[in-house]
Amino acid sequence: MSTLNTPLVEPELFKTFAFWGSILAIKLLAMAPLTARYRFKNKVFSNIEDTKGLKGAKVNTNDPEVERVRRAHLNDLENILIWYIVTFAWLTTGPSAWLATNLIRSFVLARVGHTISYAILSVQPHRAIAFFVGFLITVYQAISTVLYYY
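By the count of my numbering, the sequence shown reaches residue 150 at its end, each step adding exactly one.
Some clues are possibly wrong.
To be verified - Below, in silico cross-link-like pairs of lysine-lysine (BS3-like), each with a Cα-Cα straight-line distance of 27 Å or less:
#, residue 1, residue 2
1, K43, K27
2, K27, K15
3, K41, K27
It is worth saying that the hints were derived from the structure and are not from the lab.
Working from the sequences, and respecting the hints, build out all of it.
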């Protein structure tokens, strides 16, 4: 029985993916406290039990500030998970270290920029640019992977 002695992903590229992917995970995890910050600031909650003990708190699922942060968080969940999967698969195709490092780094920075421009500053066209940078990186990696393995 033979064993696989070569790594599926080049170790230096995996380190890059692990580092920047962890930065992205921390950013994603930070969205829950950011949402909570706006809930407490505006004293609006989605469940009646969350209003207990906070004077003036009410149930409101349509607060503009809270909903903006929630939409930014949802956008992250829709885009980041697929990026993790696609990027790991793409790394198995043996891309150049320079290209892989720059695409991974660019995706993470684009998602951070997207969050800042969506949830905090509420500015366009920065939000759209950041979104499409990340989106196009994921599309490129997915198509490259499909073509490589086809």
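Comparing the hints with the structure gives:
Proposed proximity of K43 and K27 is supported: the alpha carbons are some 24 Å apart, at most 27 Å. At most 27 Å may separate the alpha-carbon atoms for a hinted pair to count; K27 and K15 meet this at roughly 18 Å. Restraint check: the Cα-Cα separation between K41 and K27 comes to about 21 Å, which is no more than 27 Å; the hinted pair holds.
Violated hints for the displayed structure: none, as all numbered hints are satisfied.
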